[in-house]
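Based on the sequences and whatever the hints tell you, model everything.
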Amino acid sequence: MKLKLGRGIEMDLGPRSRIMAILNVTPDSFSDGGRYEATEAAIAGARAMHREGADIIDIGGESTRPGAEPVSALEEQRRILPVIEALSKDPGLLISVDTWRAETARLALAAGCHMINDVWGLQREPEIARIAAGRGAAVAIMHTGREREVLADPVADQFAWFGESLRIARQAGLEDDRILLDPGFGFAKDAELNLELMVRFAELHRLGFPLLAGTSRKRFIGTLTGRDADDRDAGTAATSVALRLLGAAVFRVHNVAFNKDGLAVADAMVQSSRKREPGDG
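In terms of our numbering, the sequence shown has 154 at position 154, counting the first letter as 1, and numbering is strictly consecutive.
No wet-lab data here; the hints were simulated from the structure.
For glycine and all other residues, C-beta sits at the position ideal for the given N, C-alpha and C.
It is possible that part of the hints are untrue.
[To be verified] Have a look at the derived ranges for each label pair, beta carbon to beta carbon:
hint, residue 1, residue 2, range
1, GLU69, PRO15, 37 to 47 Å
2, GLY208, GLU10, 14 to 24 Å
3, ARG51, PHE159, 18 to 28 Å
4, ASP12, PRO70, 32 to 42 Å
5, ARG7, GLN271, 23 to 33 Å
And the structure:
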């Protein structure tokens, strides 16, 4: 399976897991707020993540943590566009923009971005789908439970949400091979609900799209481990391995090296299982 990104890039999905590194160009993100707030620090951080093995750098200029102060579109753009412009000149470095705003997405793609990561699943500003289709970019469509009523069954709610998001995408002309689906771990989901989504993750393959897992340092990992946000990389890697074995293709993480090692083991297990013929002892 291939994912088509902007600027004529194609990425193989399946033979090995792919890592999307989180780069928050913000002062208030929940585990790394302020670390990459300065443009030069963000650029250096992205390059370090790429050297560690990140396949995509996901750049965001507005915190999505619960209770975060919203920022204006102009402030979001001021934070991220210089970083995208600088990194777009680096050979082999792929860039995603973490935004729900259509205008920010348009400017980011013009600056050299390859993908849009929309935490509102195209449903807050549907124009994002048309912009992505027009530029030939990929889109990660995320599920959220925020600011809406949800169905009692969490998987049924995933299907209902993505049904509407995919309707918007197709109406805009966005091709299926440019789409990732993200079940939105942590977005208006408590620890019990996140665990149920992990256990039932394989059911999401019925949607017919590659799946992105974004569990990194989320609150439910803290609930399970008792660790603070900046000390949840081991717990994150455990969820990455579990979800890889259940078929996730892309992993959005803060700590690239930690998760890369865990996923290397999971990838080897996946490859070994595929080599076994039915009936082998």
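Do the hints match the structure? See the list:
Separation of GLU69 from PRO15 is about 42 Å and conforms to the stated range, judged on CB atoms against 37 to 47 Å. At roughly 19 Å, the beta-carbon separation of GLY208 and GLU10 lies within the given 14 to 24 Å, and the hint holds. ARG51 and PHE159 have their C-beta atoms about 39 Å apart, which leaves the hinted 18 to 28 Å range violated. Taking the beta carbon of each, ASP12 and PRO70 are about 37 Å apart, inside 32 to 42 Å as hinted.
A hinted range of 23 to 33 Å holds for the C-beta pair ARG7 and GLN271, which are about 30 Å apart.
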